[in-house]
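Undergrad: Go by the hints and put chains S and U onto chain R.
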Amino acid sequence: MDSEAHHLETLALREQFDTEDQQKDASTLGMWVFLITEMMFFGGMFLAYTLYRSTYPQVFGVASSSLNLPIGATNTCVLLLSSFTMAMAVRSGQLGKKRAVIWFLIITMLFGLTFLGIKAFEWTEKFQEHHVPALANFHLDGTPLQGQAKLFFSLYFAMTGLHALHMVVGVGIVLFIIMETARNKYSPKYYTPIDIAGLYWHFVDVVWIFLFPLFYLIDRHIGR
Amino acid sequence: METAAVLERETYLNASYGLKSWLLTKDHKRIAVLYFITVSIFFAIGGAFAGLIRLELLTPQADLVSAETYNKLFTMHGVIMVFFFLIPSIPATLGNFFLPMMIGARDLAFPRINLLSWYLLIGGGAFAIFAMVSGGVDTGWTFYTPFSTSYSNSYVIATALGIFIAGFSSILTGLNFVVTVHRMRAPGMTWFRMPLFVWAHYATSLIQILGTPVIAVTLLLVLCERSFHIGIFDPALGGDPILFEHLFWFYSHPAVYIMVLPGMGVINEIVSTYSRKPIYGYVFVAFSSMAIAVVGFLVWGHHLFVSGQSLYAGLVFSFLSYFVAIPSAVKVFNWTATLYKGSISFDTPMLYAFGFIGLFTIGGLTGLFVASLGMDVHVHDTYFVIAHFHYVMVGGTIMAYLGGVHYWWPKMTGRMYPEDFAKLSALLVFVGFNLTFFPQFILGYLGMPRRYHVYPPEFQVLHVLSTAGATVLALGYILPAIYFLWSLRYGKVAGSNPWRATGLEWDTPSPPPTHNFDRIPVVTHGAYDYSHIPGEEIEVG
Amino acid sequence: MGTQLRLLPEQASTIAPEVDHLAYYLLAVSIFFTVLIFGAVFYFAIRYRRRADTEPPQPQHTGLALEIAWSVIPFGLTMIMFGWGAEIFFKERRPPDDALQVYVVGKQWMWKLQHMEGQREINELHIPINRPIKLMMTSEDVIHDFFVPDFRVKQDVVPGRYTTEWFVATKPGKYHLFCAQYCGTNHSAMTGWVYAMSPQDYQEWLAGGPTGSMADAGARLFDDLACGNCHKPDGTGRCPNLTGLFGSTVMLADGRTVKADEAYIRESILNPPAKIVAGYQPLMPTFQGLVSEEGVVQLIEYIKSLNPPLGQAQGNPTQTTVPAREPAAAGAPPANR
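Going down the list, the protein sequences come from chains R, S and U. Heads up: the first sequence begins at 418 in the working numbering, then just goes up one per residue. Heads up: the second sequence begins at 30 in the working numbering, then just goes up one per residue. Heads up: the third sequence begins at 148 in the working numbering, then just goes up one per residue.
Because the hints were derived from the structure by calculation, they are not lab data. Small disclaimer: the values here were computed from a predicted structure and weren't measured. Where hints are given, some of them may not hold.
[Unchecked claim] Here are the simulated lysine-lysine pairs, DSS-like style, with alpha carbons at most 25 Å apart:
no., chain 1, residue 1, chain 2, residue 2
1, R, Lys602, S, Lys55
2, U, Lys254, U, Lys281
3, U, Lys318, U, Lys254
4, S, Lys55, R, Lys441
5, S, Lys452, S, Lys521
6, U, Lys406, U, Lys281
The following block holds chain R by itself, in its conformation from the complex (with noise of 0.2 Å):
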């Protein structure tokens, strides 16, 4: 068993590198590398938000307030949850409990499909309700508001959207990881890849407490 384990720690140890510890720090480092163009990638949309948001204002906190704020703030909680299961994911790896580090990462990714679950619901919702800009009657068609309305949900879909996207993206991970972990890939001398997936994941979570607040609650504070 022990020599099993020493066998994977330097199986792990790729050939470019001295070290463990020097391999550890290059791949925490490449992710935040990562996670600084991802900041910039969703920058681009978060710029034409505040833009047409500062030009659009009234037609903007209109359109928030036809979304459907209880189901936002349960994702909300759901993701930050998700979060706190991570973390503790990451704190099992590091002191080595492979079932806890299993069980924390299953439901991460629960809770990681809920929060999918629950957008698709949401989504279906502006389908029905004729929100979705792309289609024929959109519900202001014809009406003054049209254009503006439809860059609120248009902005709203790509920005949820592309979010979407990297929680699904994430589910994938954390599946993986799960497992490698099972597989008994990591110890708590190597459980980078818990690491950095972790990172992952929280970037995609504070992401989405930027996204809650710019499309949901905008008007909450006029009269409703």
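TA: Below, chains S and U alone, put in the same frame as chain R:
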């Protein structure tokens, strides 16, 4: 026999055989070779488009191609050259090959991601080529909305998707370089002992990481707008076409530095080696790269002086643009000062470096014209701008790229190229380039707008000069392609350090073994210390 | 023409010599540094050429003073470029109050121009010399750019908004007009001529045109579209009174205020809910698609003509310097209920 001596030793080229051993390689050197072949093909395609453009412009009327075809030609020339040649050219070939070697690493930090980024470039290129053969795209490489989103009847989506995918190649290369420079340096290789080539690539990588995602999301919005008509850039729905210009140039101006900074890095190595002197003001040159990378992000608005952005925004962007001029000037002055009291030889790479310094100087100085508000209003979107950025991109980046390829060719292949032909090609490129693009400054000041298929007859003389120059330039580019291929088989065998240069990449046989160094070097002195010439004791043959 | 080679375009506007003087300065600095760098590279390369392969390497010297000098001196020179260029740009971007206004609409691939007096032209612009001309420009489709090299002026023509450009022609003659922003297949055919004429010739040219000013055309359009049903001149309609509107400050329903300029009126016609006047309901339908960009500028001229005459040039296009004579009355009409 010489050939036998090279082949006996295991090198990265003969470590394994077969197509699969190349297509699935994780060796940064082999990936660099893959990139080299890829970007050479893209360069040939983009160059062919340029040739057709110059031919059409021989006469004021439309005689060679239709207006529609002409628009597609300059669009695809721009798209191919910018996104599939200039941006990957130096970083992905020379950078990929030599950055790890120069800091004494066995490979990049993430070899598999490195291979992935080559496949992404190929994938993106496939989309772009598909768009071309299906009928082309006519939006200009700038994709200005609402033309690209609502009015163009060409393959905008495929092309934009191609650029989107190739963008991730660029991001991942940058990510790999940053982590490699931070975490993979050999013992004793401190930041200020790194060759300036590495500094330049580090600065470039920062731009790739921070800028490229923005063009990716911008193109994504263009795709959505074009497919679903969601109104983001459509004034009829309340959107703003100027927003696109801002987002586009937020990447595409820094992208200019993605293209030219690595070239400056190459010039540092060449100037130092053939002057046998350290680069004058090493620290200033290193920090000027970083300054260009940072300030380069704050000047995009100078592309919008006549777009209708506010007067005061124009004022700020003009002011900041001059802050980029200074670090560029500092580099040129430092290279010139390096020559002072050097021991200067006129090998081909050095001729290219001289060419670079001269042409980049002119390109940079004419940049001062277009950064000046009152002046830019007149020359904006004319041939003056075309000439200016070709002086930087072709006179700068491509001169440096060719210089770098000549400089490191012995290391990459273990063979020398025929020096006389190489000198001739350097001369042809320099003369042809100036003849092509200098008349365009005058054309631009006279008012000839860019992207014009037909033009008033009084501009013809200058256009004829320009086209004549382009033929000379083309010869200058074809010549190396021939003698490089020739040298692979018949070239003289190069030793491990034919130029007696100082970088760690010369501290290993040519071509290098798969893991670069038999023993990881321990660095005890700064870059460009000519009292320590590496590689002389491991001479082969 | 044809084959003669010119190096500088004609100086046919008041701003042209100023731009050229700046160009001479830039050129002088450029030539100085080009000669300096080329000269130094050549001189050092020859003087310090390698004479023997065994030459010992030279030690490096560093000079902080030199580094500072060649950073600071060029920076000073560039700041002159910045200041000088900015000064010219301010002039180019700020039309004088007494400028003669011409409306320009760009579309693929032609220029449509309308004079206040009612003349309409395609790909040609007739103007008097020695008189500031202000172009109020927009596009029906994609971005274009109105470029007259001999005047050294250029400005993008953007759909969905008005941009302006102004100049004073100094020499009678015929000058190139180019579209300088790539706009599609026949971009290079979207060219025309600017005819600068002596004031007498210009008057004659005007006399040969149709009768009826832009404002008259706007008034007819105003009737055709039945705008008057709601916008009643006595303020009793369901929508704001337009008399005296242009140039005033309007109080909006959400508490903001806005200057009633061309852009505001255009937006209110094509996109009425964007800015609702305080005290009114968002009842007005959009006229997007019902009225062309040329029609919109005619309506604007009509609304301008509703202002009480100010003594000087009627239909004064610049809003900023006109004292807001009745901001309260025009800006906040009595609530309709």
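Undergrad: Evaluate each hint against the coordinates.
TA: Consistency of the hints with the structure:
no. : hint                : verdict
1   : R:Lys602 x S:Lys55  : 22 Å, holds
2   : U:Lys254 x U:Lys281 : 19 Å, holds
3   : U:Lys318 x U:Lys254 : 29 Å, violated
4   : S:Lys55 x R:Lys441  : 19 Å, holds
5   : S:Lys452 x S:Lys521 : 17 Å, holds
6   : U:Lys406 x U:Lys281 : 20 Å, holds
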